[in-house]
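Protein chains in written order, with this note's numbering: chain X, 709 to 956; chain D, 709 to 956; chain Y, 709 to 956; chain P, 709 to 956.
Any given hint could be a false lead.
For identical chains, the list gives no copy identity; a pair is met inside one copy or between any two copies.
Lysine to any residue pairs mimicking SDA-like chemistry, simulated, CA-CA at most 25 Å apart [claimed, not checked]:
{"hint": "1", "residue 1": "Lys721", "residue 2": "Gly891"}
{"hint": "2", "residue 1": "Lys846", "residue 2": "Glu731"}
{"hint": "3", "residue 1": "Lys721", "residue 2": "Arg926"}
{"hint": "4", "residue 1": "Lys744", "residue 2": "Gln800"}
{"hint": "5", "residue 1": "Lys744", "residue 2": "Cys727"}
{"hint": "6", "residue 1": "Lys744", "residue 2": "Tyr855"}
{"hint": "7", "residue 1": "Lys846", "residue 2": "Asp875"}
{"hint": "8", "residue 1": "Lys846", "residue 2": "Val889"}
{"hint": "9", "residue 1": "Lys744", "residue 2": "Ala868"}
{"hint": "10", "residue 1": "Lys846", "residue 2": "Thr879"}
Hints in this document: simulated from the structure, not taken from any laboratory.
None of the values given here were measured: they were computed from a predicted structure.
There are 4 protein chains.
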Amino acid sequence: MTIRVGVLGAGGKVGQAICAAVEAAPDLELVAQVDKGDALETFTEAGTQVVVDFTHPDVVMGNLKFLIENGIHAVVGTTGFDETRLAEVRAQLTQRPEVGVLIAPNFAIGAVLSMRFAEQAARFFDSVEVIELHHPNKADAPSGTAYRTAAVIAAARAAAGVGISPDATTTELEGARGADVDGVRVHSVRVAGLVAHQEVLFGTQGETLTIRHDSIDRSSFAPGVLLGVREIAGRPGLTVGLDPFLDL
Amino acid sequence: MTIRVGVLGAGGKVGQAICAAVEAAPDLELVAQVDKGDALETFTEAGTQVVVDFTHPDVVMGNLKFLIENGIHAVVGTTGFDETRLAEVRAQLTQRPEVGVLIAPNFAIGAVLSMRFAEQAARFFDSVEVIELHHPNKADAPSGTAYRTAAVIAAARAAAGVGISPDATTTELEGARGADVDGVRVHSVRVAGLVAHQEVLFGTQGETLTIRHDSIDRSSFAPGVLLGVREIAGRPGLTVGLDPFLDL
Amino acid sequence: MTIRVGVLGAGGKVGQAICAAVEAAPDLELVAQVDKGDALETFTEAGTQVVVDFTHPDVVMGNLKFLIENGIHAVVGTTGFDETRLAEVRAQLTQRPEVGVLIAPNFAIGAVLSMRFAEQAARFFDSVEVIELHHPNKADAPSGTAYRTAAVIAAARAAAGVGISPDATTTELEGARGADVDGVRVHSVRVAGLVAHQEVLFGTQGETLTIRHDSIDRSSFAPGVLLGVREIAGRPGLTVGLDPFLDL
Amino acid sequence: MTIRVGVLGAGGKVGQAICAAVEAAPDLELVAQVDKGDALETFTEAGTQVVVDFTHPDVVMGNLKFLIENGIHAVVGTTGFDETRLAEVRAQLTQRPEVGVLIAPNFAIGAVLSMRFAEQAARFFDSVEVIELHHPNKADAPSGTAYRTAAVIAAARAAAGVGISPDATTTELEGARGADVDGVRVHSVRVAGLVAHQEVLFGTQGETLTIRHDSIDRSSFAPGVLLGVREIAGRPGLTVGLDPFLDL
């Protein structure tokens, strides 16, 4: 039996990619596409079981209210969820405890796994540094992902009582050794022809371990979204972040 | 309080490296070094708590018998343990259930983590291939580690119902697509100047994840051995492989 | 003063990308776009100095005849040029010796440089292997570029009297050591999420040199085409391949 | 016919490695080994044709004087040659114009080729950054090689009229974007388990080119020294740097 899927924000670039991915999956059926101005009732009329929402912070809370009230599971990539908003969603879910809602800032499975593996490896190596590489139009350095990765690594090392990475540098040209995020060095490379890449380099006596994620296409969120769609019915309540769905 | 450590096979290349590593660790104390011809009683006389054994299949079973009988924990890198030998060690341990014995084929933490991460990631990606790179004096291709890695990945994919990696190749120069290990392609590169390296490359729509391990020095077993030494007292009975000590 | 540029095959995917690249270049002016059915006279009427031709083997010879007769330089990415066709172009150029024609199978500068550097480095290293990595929809293994790269390396080594790369493999799972192209091992990796990548790995005692080219977008031909457009007026006659324009 | 080779500083670590490399080469014959306290006449008595000098700045000038006067070619890895010293060597060579002297700061062929290729590629790409990776005991960041590489790239770009790499960074955590060497960003990674590595990353629309050098053993100077020994007789006068011997 297939899962009946609806898409919110179906007319946008991301929405179209998700519609295409759902249609290409033999175990999923695309039964409703809703865009700005369309009625949310389209979902209930079509017997939708799961809705994917990649819309806008201004409308996502209303969307979720409707979906939860109508017993429809939701997989949400829309941004702007702070603690207040998450609390509100949780409160609504108490009325319909069988409904599942997944809200994730990043659906690229490779990115999620990279961070998890980095966290797991962190305490076993003397040294660790993060190198993130992006196209030169990026405004922030380091990237948000690199910040989070370094913070997660630093926390894991601190919890295990591992000290700071050794570094005998006495003469440094300003900036050569990168930025310091919670004691982890992060280097931001900006080169034309790149998209979004990150390398976490661990090292100890005689060996290094590298975890590298390369994202060359925005479509990389699709497999993670489909994973959410397939599993959400079995995970009632609110889940934040794709990690729990990976059962690592 | 420091742990009192002894080394068996202390005169060999590996044994010397382990002695040096123990001496360099502030929480460990090297209290006994035993080599061919020396009496095992050296360990009991020195009040040794943990012995590291990197000796030879011909003598390791006798060593373990002595250590277990005397309530000394053992961390063993000696090869040649088949099911019969492991069963024998387990039987001896029933007499001294408080003693811990760790027997591992590979103490390089990076190698152990690589394989574990590859196993965890296996079911999330459409494609996976293994590239192992070694010095040109190596006799076997693929390496034993690459064989095991591919087998572990294949098993994880099969268990999750993931099919074989897609491959539209219709014209192949013999060997170009590598060897087939349980449906996973493995490529063996042999180039002067390399030591021992392995890359597991996963890919799905728009993204790839790479797990790479570089070992450039035989001393890379040392951190894993020290980890075993520190933890063995808290893990009575027989443990095979370093993985359980990593608490992943 | 800007160069007045026309594009043949302007309606195709590649043609559109070239038009966009020309328009974005401050020193170039896009004065004529011609597609199937349009008259070639558009170029002469517009005072075109250089025409870029990414069309089809069926029409390219007629296009070139017209361009040469009218004293217009040509930069050609259309395929299908064998020795007979090249001879014909050379013959036409004797009538208009001031006209320049550049015909190249690959305009990606990174690919051209990779092959040149591989050729230059070939004789200095004991070992060399080629690893090419592509999306899994590719039909041939190795890629055409990998074949040519291996052949060029093999020729450079032979010319310098360098023997075959050392290899002590005695036990090989079929295919593990890759394909043999003129004595150079070539490995073809096919993984979803990849586009087109190639790594040439050289090694000698204690060191390795890697030349890697990553192409993640078909637009990678644009900078090479623009280079050809800018330089063609100064290089009368027929040039085959982008290399001579790089002045290495 | 073999070349008769002598080694100065034969007792040191590097000297021993060179002696071993000479002895392993079928076209070379090790006829004289001289260390501190030994007479330089050992070379003349043994009919030495080429002497390799890896000694000390304090003695190298005297060594060279003797070798040049006796018509013996020299391949020199000793450091400390400034313009004054080079001028002195040139002056001595006017007396014996048939003698060749090669003085090079780096004999690792991979390092020399890397820098050359980086220089050749520099003007064809919008972007370039340098990432150098070393063991954590290194005192200076960036490495001397990275400084020189960046300077060579910057000069080649300036000569070709190529502007600075694009960079839209507006929010930077201090140091994230690396150090600025003549307008080229350089990142210095320090991780245990590494030896000496450098990556030059070029990029333009849709493609990147990476030139990477990995040195994992100090013996990597040997092939470059042997190349010098074999070619020096054919290159009379003073040569600084191994580059000219590579005939690129």
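Hints and how they fare:
{"no.": "1", "hint": "Lys721 to Gly891", "in the structure": "neither (38 Å within a copy, 36 Å between copies)"}
{"no.": "2", "hint": "Lys846 to Glu731", "in the structure": "between (33 Å within a copy, 24 Å between copies)"}
{"no.": "3", "hint": "Lys721 to Arg926", "in the structure": "both (10 Å within a copy, 20 Å between copies)"}
{"no.": "4", "hint": "Lys744 to Gln800", "in the structure": "within (23 Å within a copy, 60 Å between copies)"}
{"no.": "5", "hint": "Lys744 to Cys727", "in the structure": "within (16 Å within a copy, 35 Å between copies)"}
{"no.": "6", "hint": "Lys744 to Tyr855", "in the structure": "neither (34 Å within a copy, 52 Å between copies)"}
{"no.": "7", "hint": "Lys846 to Asp875", "in the structure": "between (29 Å within a copy, 8 Å between copies)"}
{"no.": "8", "hint": "Lys846 to Val889", "in the structure": "both (19 Å within a copy, 21 Å between copies)"}
{"no.": "9", "hint": "Lys744 to Ala868", "in the structure": "neither (49 Å within a copy, 38 Å between copies)"}
{"no.": "10", "hint": "Lys846 to Thr879", "in the structure": "between (30 Å within a copy, 10 Å between copies)"}
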